[in-house]
Amino acid sequence: MTAAPAEPVIRIAGITKSFGSHQVLKGIDLAVGKGEVVAIIGPSGSGKTTLLRCINFLEEYDGGSVRIDGVEVGYKDTADGRRRRSDRELARIRVEAAMVFQQFNLFPHLTAAQNVMLGLVKSRGKSKGEARQIAEKWLTRVGLAAKFDALPSQLSGGQQQRVGITRAVAMEPKVLLLDEITSALDPELVGEVLAVVQELAAEGRTMILVTHEMAFAREVADRVVFTDQGRIVIDAPPATVFDDQPNERLRSFLSRFAAFHRPR
Amino acid sequence: MALFFQTLPFLLDGLLTTLLVSVSVVVLSLAIGIPLGCMLVFGPLWARLPIRLYADFVRGVPILVLLYFVYYGLPVIAVNLPSLPAAVVALTAFKTAQIIEIARGAFQSIPVDQMEAAKSIGLTLPDRFVHVLAPQAVRRFLPPFVNSVVDTVKGSSLVSLLGVVDLMLSLQQVIGRTHIALPLYGIGALMYFAINFPLSALSRRLEKRFI
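From first to last, the protein sequence lines are chains A and B.
Take 1 as the starting number for the first sequence in UniProt numbering and just add one per residue.
Take 1 as the starting number for the second sequence in UniProt numbering and just add one per residue.
Because the hints were derived from the structure by calculation, they are not lab data.
Predicted, not measured: the structure shown is a model, and the values here were computed from it.
Nothing false has been slipped in among the hints.
Label-pair restraints from in silico Cβ distances:
no., chain 1, residue 1, chain 2, residue 2, range
1, B, 61, A, 13, 54 to 64 angstroms
2, A, 26, B, 53, 42 to 52 angstroms
3, A, 82, B, 116, 17 to 27 angstroms
Just a sample of chain A residues kept apart from chain B, beta carbon distances all over 10 angstroms, derived:
no., residue
4, 18
5, 20
6, 26
7, 83
8, 157
9, 158
10, 251
Example chain A residues on the side facing chain B (calculated, C-beta under 10 angstroms, incomplete):
no., residue
11, 57
12, 120
13, 122
Backbone N, C-alpha and C fix where the C-beta goes; we use that ideal spot for every residue, glycine too.
Make a model of the complete structure from these sequences and hints.
Okay, structure coming up:
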């Protein structure tokens with residue numbers, strides 16, 4: 001399950017990123033194979049969300065490279081050196097790494113179905129009819145069959161986030177990026193969202209998720225990546241990360257999630 | 001009552017002029033102000049700077065000063081406008097500055113998150129603008145815009161000071177001949193109110209619906 005295939009879907013090599021004088025990413029290397037689920041954990045400020053946002057170039061990395069299926073995400077090499085990609089090129093690449101956001105970020109003026117359809121029609125070239133069918137199929141799968149035409153403001157947080165997941169996964173991206181998708185939810189709504197993610201993982205979708213849900217990371221991830229101070233400190237299967245961890249910094253981080261820091 | 005029917009056609013002529021001025025000002029200031037407002041949000045610095053200066057300056061000047069500037073001031077540099085066009089130009093200059101501000105606010109109050117979500121499903125800049133930004137901006141634009149139309153109708157009474165026979169001046173002319181002030185001002189006020197009340201009601205409904 002954890003053996004990385006020959007050509008990874010995502011290959012991150014030596015990326016660096018600074019905000020002003022503060023270097024948030026200090027050279028990150030990470031490869032994610034097809035069908036792998038990688039959970040990124042770490043203290044806040046460790047750069048995990050920035051790392052995730054570099055993968056679809058919402059955050060522009062300074063050095064290094066991010067490749068999706070061999071294609072460099074943010075830049076291309078020309079005769080005059082490295083150039084930032086055009087908006088059109090970026091759009092084509094970004095759709096392969098669709099993202100689900102902490103605050104859902106649904107389009108408030110569109111219904112649930114329209115939220116899902118917009119990218120299908122504009123980026124994937126589907127007809128309105130096809131897009132509507134795909135949207136209804138997916139929304140039904142995540143338990144929102146009765147909510148096709150509801151506006152986001154008429155949905156609960158958990159329902160909104162399920163639409164958010166649907167909007168991303170319906171694009172059939174090569175990798176799904178999940179950025180702390182349950183952090184803004186009331187505790188009783190977390191389960192319904194994680195259940196959807198679990199199902200997607202089970203059907204072999206490639207996913208990278210930043211999460212604070214340690215029990216969930218342990219259950220769903222093939223690999224867990226621990227970031228601290230802009231570097232990847234540990235990259236290992238969940239059992240190795242969560243049980244009898246010799247690394248002092250990781251132990252101290254996990255001890256804050258006391259319930260999950262226990263041998264199996 | 002006889003007085004009312006005698007003066008009504010005259011007052012209606014004035015009302016028509018008030019409406020003509022108001023509609024011209026609103027249409028022109030929308031046509032100029034919305035592109036400038038968009039440039040103030042999305043444009044390069046060299047474009048933003050003069051627009052910012054214009055909007056701040058004009059909004060800080062009394063409308064009456066603008067009216068006199070255009071009507072009495074511009075002839076000095078050989079720009080001689082008759083009273084009605086001069087009035088429309090001055091009011092449009094003022095309204096345009098307001099529209100620029102309303103448009104800017106409408107766009108800038110949309111959270112950055114919205115653009116990020118649109119990018120992450122592969123929308124190009126034109127698609128992001130048309131399908132995500134613009135529809136949300138319109139909803140934020142409409143309520144303050146409708147209020148601003150109400151202000152235009154009321155503010156248009158100032159054009160009477162340039163000798164344009166709008167509702168205000170026609171009232172004063174009728175009163176000058178008949179010396180019956182109270183009922184006539186009452187009728188005039190009701191006419192302004194008849195235009196503006198539906199607009200205010202519309203604005204309130206828009207606010208409820210979109211905010």
